[in-house]
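Each chain, letter by letter, is given below.
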Amino acid sequence: MSAGRVLLWIILPYLALATFVVGHWWRYRSDRFGWGARSTQILERKILGWASPAFHFGILAAAGGHVIGLVIPASLTEALGISENGYHWFAAIAGALAGLVTVVGFLGLMYRRSTNARVRRTTTPADMITYFLLTFLVLQGTWIAFAENLLGSSPYHYRDSVGVWWRSLFALQPDVDAVTGAPFLYQLHAVCAWAFWAFFPFSRLVHLWSLPVPYIGRPHILYRRRFAAPRRRRTALAARRRTP
Amino acid sequence: MTIRAQVGMVMNLDKCIGCHTCSVTCKQVWTDRPGAEYMWFNDVETKPGVGYPKRWEDQEQWRGGWELDRKGRLRLKAGGKLRKLLSIFANPDLPTLDDYYEPWTYDFEQLVDAPRQRHDPVARARSRITGEQLDEISWGPNWEDNLAGSPERIHHDPLTVGIEDQVKAQYEQAFMMYLPRICEHCLNPSCVASCPSGAMYKREEDGIVLVDQQKCRSWRFCVSGCPYKKVYFNHRSGKAEKCTLCYPRIEQGQPTICSETCVGRIRYLGLVLYDVDRVEAAASVPDEHDLLEAQRSVFLDPSDPLVRAQALADGVPEDWIDAAIRSPVYLLAMKYRVALPLHPEYRTLPMVWYVPPLSPIASTLETDGYEADPDEVFSAVDDPDAMRVPVDYLANLLAAGDGEVIRGVLRRLAAMRHHMRKREVLGEHDDSRPRAVGMTSQEVEDLYRLLAIAKYEDRYVIPPAHTELAGQLMEQKGTCGLDFEDGPGNCGAIERDVSGPPGYESAVDAEAFMLPGEDRVDLDIVQMLGDRRREDAEGR
Ligand code: SF4
Ligand code: SF4
Numbered sequence: 001m002s003a004g005r006v007l008l009w010i011i012l013p014y015l016a017l018a019t020f021v022v023g024h025w026w027r028y029r030s031d032r033f034g035w036g037a038r039s040t041q042i043l044e045r046k047i048l049g050w051a052s053p054a055f056h057f058g059i060l061a062a063a064g065g066h067v068i069g070l071v072i073p074a075s076l077t078e079a080l081g082i083s084e085n086g087y088h089w090f091a092a093i094a095g096a097l098a099g100l101v102t103v104v105g106f107l108g109l110m111y112r113r114s115t116n117a118r119v120r121r122t123t124t125p126a127d128m129i130t131y132f133l134l135t136f137l138v139l140q141g142t143w144i145a146f147a148e149n150l151l152g153s154s155p156y157h158y159r160d161s162v163g164v165w166w167r168s169l170f171a172l173q174p175d176v177d178a179v180t181g182a183p184f185l186y187q188l189h190a191v192c193a194w195a196f197w198a199f200f201p202f203s204r205l206v207h208l209w210s211l212p213v214p215y216i217g218r219p220h221i222l223y224r225r226r227f228a229a230p231r232r233r234r235t236a237l238a239a240r241r242r243t244p
Numbered sequence: 245m246t247i248r249a250q251v252g253m254v255m256n257l258d259k260c261i262g263c264h265t266c267s268v269t270c271k272q273v274w275t276d277r278p279g280a281e282y283m284w285f286n287d288v289e290t291k292p293g294v295g296y297p298k299r300w301e302d303q304e305q306w307r308g309g310w311e312l313d314r315k316g317r318l319r320l321k322a323g324g325k326l327r328k329l330l331s332i333f334a335n336p337d338l339p340t341l342d343d344y345y346e347p348w349t350y351d352f353e354q355l356v357d358a359p360r361q362r363h364d365p366v367a368r369a370r371s372r373i374t375g376e377q378l379d380e381i382s383w384g385p386n387w388e389d390n391l392a393g394s395p396e397r398i399h400h401d402p403l404t405v406g407i408e409d410q411v412k413a414q415y416e417q418a419f420m421m422y423l424p425r426i427c428e429h430c431l432n433p434s435c436v437a438s439c440p441s442g443a444m445y446k447r448e449e450d451g452i453v454l455v456d457q458q459k460c461r462s463w464r465f466c467v468s469g470c471p472y473k474k475v476y477f478n479h480r481s482g483k484a485e486k487c488t489l490c491y492p493r494i495e496q497g498q499p500t501i502c503s504e505t506c507v508g509r510i511r512y513l514g515l516v517l518y519d520v521d522r523v524e525a526a527a528s529v530p531d532e533h534d535l536l537e538a539q540r541s542v543f544l545d546p547s548d549p550l551v552r553a554q555a556l557a558d559g560v561p562e563d564w565i566d567a568a569i570r571s572p573v574y575l576l577a578m579k580y581r582v583a584l585p586l587h588p589e590y591r592t593l594p595m596v597w598y599v600p601p602l603s604p605i606a607s608t609l610e611t612d613g614y615e616a617d618p619d620e621v622f623s624a625v626d627d628p629d630a631m632r633v634p635v636d637y638l639a640n641l642l643a644a645g646d647g648e649v650i651r652g653v654l655r656r657l658a659a660m661r662h663h664m665r666k667r668e669v670l671g672e673h674d675d676s677r678p679r680a681v682g683m684t685s686q687e688v689e690d691l692y693r694l695l696a697i698a699k700y701e702d703r704y705v706i707p708p709a710h711t712e713l714a715g716q717l718m719e720q721k722g723t724c725g726l727d728f729e730d731g732p733g734n735c736g737a738i739e740r741d742v743s744g745p746p747g748y749e750s751a752v753d754a755e756a757f758m759l760p761g762e763d764r765v766d767l768d769i770v771q772m773l774g775d776r777r778r779e780d781a782e783g784r
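Read top to bottom, the protein sequences are chains A and B. Just so we're aligned: 244 in the working numbering is position 244 of the first sequence, and the numbers increase by one with no gaps anywhere. Here the working numbering = 1-based position in the second sequence + 244.
It is possible that part of the hints are untrue.
Listed below are the simulated BS3-like cross-link pairs for lysine-lysine, each with C-alpha atoms no more than 25 Å apart in a straight line [what the hints assert, rightly or not]:
1. B/K325 x B/K459
2. B/K699 x B/K579
3. B/K699 x A/K46
4. B/K666 x A/K46
5. B/K412 x B/K459
6. B/K412 x B/K298
Just so you know, the hints here were simulated from the structure itself, not pulled from any lab data.
Kindly produce the complete structure, drawing on both the sequences and the hints.
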């Protein structure tokens, strides 16, 4: 195996994964204050009003598609009775749709960040790198979704190649041959993605992990004590006026 | 029932001179930082006017606070939790900077550094958001000071809806008043309820509502959820910020900065004991006009021995209960009943209350001018509706539109003025005026002392926080965790002496915890506990 192949398909992924894990740990410990979405809606809300939901819902759908495509082996879907053809068309249409929505939202957000002086001023170097990486990823991904999967005459079977390699990384037995045969665009997309995940913990993207789902089951009003709660006892008044 | 203490505030609008000292001192202490330039934890609005941010009182537009659903249950006006999560990527109700104003500074350096030239140098305005020069400044935090601005805009004030004919912009008929505003530190805070991260909370000890910035994730629903628009968003840090009621000062028994520096001496700070279990029911009464009485019914009389016993049992320290008895907030809201909550119809049960302003009888002044008899000019006892500030306007501000409440308060205030004028100027003693409003002469004179003389120690009755209670944290070590109300008890393992006053059960531990020779030290609890834990660990 050539050094280049080892570097690209073994060392890079593991390095990225390690950075991803350690980076999160470090960031959460050292920069709890900076952990958030750093919204700029208060500075500009017209474009954000449609662009941000489009981008977020689009990219969440795309991420879900990636999970399905990479994690679930083709043999499993077939065992479940989903034909390769059926799966392909579902993935192609849903993927293209998600890609389109993401691109539209992303362009809106890019436009707003570069033209609105207020928003531009809040942009940090980390934001620039995030936008840079996202631009590549989103464009490649959407191109693949459209040109290859949806409209391509013979779409590439990434589930039997890139997917196999991806899963093999987590089994700690990297199957490099599975990926080296993939078309250039797929390979580029994979390499960019690892760079993206490596940078993820150092960007504002960490707000993804703070999606406040527990809010649903929480009481409305929260109280906190500065000091430990006293031992509660019932007195005559409380006994008389039991409150509903 | 569970009794808790709350630090509340009352502002006597009759005496606010609109000087903005409160706003400036607050800003210098709290919001003179990058990203906070546009924030005014304390601001003073001239009413009628659209306010800051613009039209904040129009909840059909901003959808802050609570409402009752069809079944009469309390819910956030902006919608349920699921709805919030779905709109998390773009909050539909968030004001933008333009609804507040674009903060600016001036190129002051230019005045000093300009080269020798024919014309005087000019310091141009520069945005503190973009850093760019501003050719025109078109809005500010106090743009409508003293009714400045166009006459048409008066009717953009949401409070004038329905009473447009009473709110006139012509000089001869115009009226105005000042409304200083801070966070209300509500009993039923919709900001807390709106925060998906759970970063906002109300303190059990003193009711102060705070943001935990370590947990704030920039979802900004608190900003839109507060009907008073008193949570702000720092666009640099991406975190919510709000009035803290100067808790570091309050904990030391000192008044807030805005109160301390208030030129008109209009502000009062004191404790109110309330039953936290009844808050939700009080906020849910169907008729908006009943909200005032509902909120009053949540407050408890600290002089009642039964209340005292339960408060002690619930951990309210003894000296706090004593302070609650002398609390000017309790006196003005409950005993004299001259203070009213701001916009009770938002159902947050706000805890900054206001004494509405008296104003002259317009028609008497107009006909007689300087010759007018002072007794006639302020004779609101008989006819509050003849006063210059329309009763309906005050009712929209302080009583959910119930004019009768305002009339009652104005009558009491006017009776006080009459009584004292009779006594001080004419040397007459006459009980008739107080009696007409259901008060005794003594009560009226006490009220006068509180409102007009307004001694520092009468205005601010703030017991210092009990930092020694931190000892209870240590005390809990090694207990079995079954030690709660109606719980099975402490497993019989540890018997503690409960003969002393409750709430001080840990007095012995606490003393050991304090530094010797100092009775009021500012303990850094977190650090001390950390040290203690480390010592324990090392010792083991
Ligand atoms: S006034 Fe203060 S406590 Fe009440 S909802 Fe607004 S921010 Fe929260
Ligand atoms: S300092 Fe006092 S008198 Fe002056 S504006 Fe503020 S509240 Fe009113």
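Hints, verified against the model:
In summary, the hint linking B/K325 to B/K459 is supported, as the alpha carbons are separated by about 18 Å, within the 25 Å threshold. Restraint check for B/K699 and B/K579: satisfied, since their Cα atoms lie roughly 19 Å apart, inside the 25 Å limit. About 51 Å separates the Cα atoms of B/K699 and A/K46, which puts this hinted pair outside 25 Å; it is violated. For the suggested pair B/K666 and A/K46, the alpha carbons sit about 61 Å apart, so the restraint of at most 25 Å is broken.
Of the supplied pair hints, the one linking B/K412 and B/K459 is violated, its CA atoms being roughly 48 Å apart against a limit of 25 Å. Taking the CA atoms of B/K412 and B/K298, the gap is near 20 Å; set against the 25 Å cutoff, the hint holds.
Checked against the numbered hints listed earlier, the structure breaks hints 3, 4 and 5; every other hint is satisfied.
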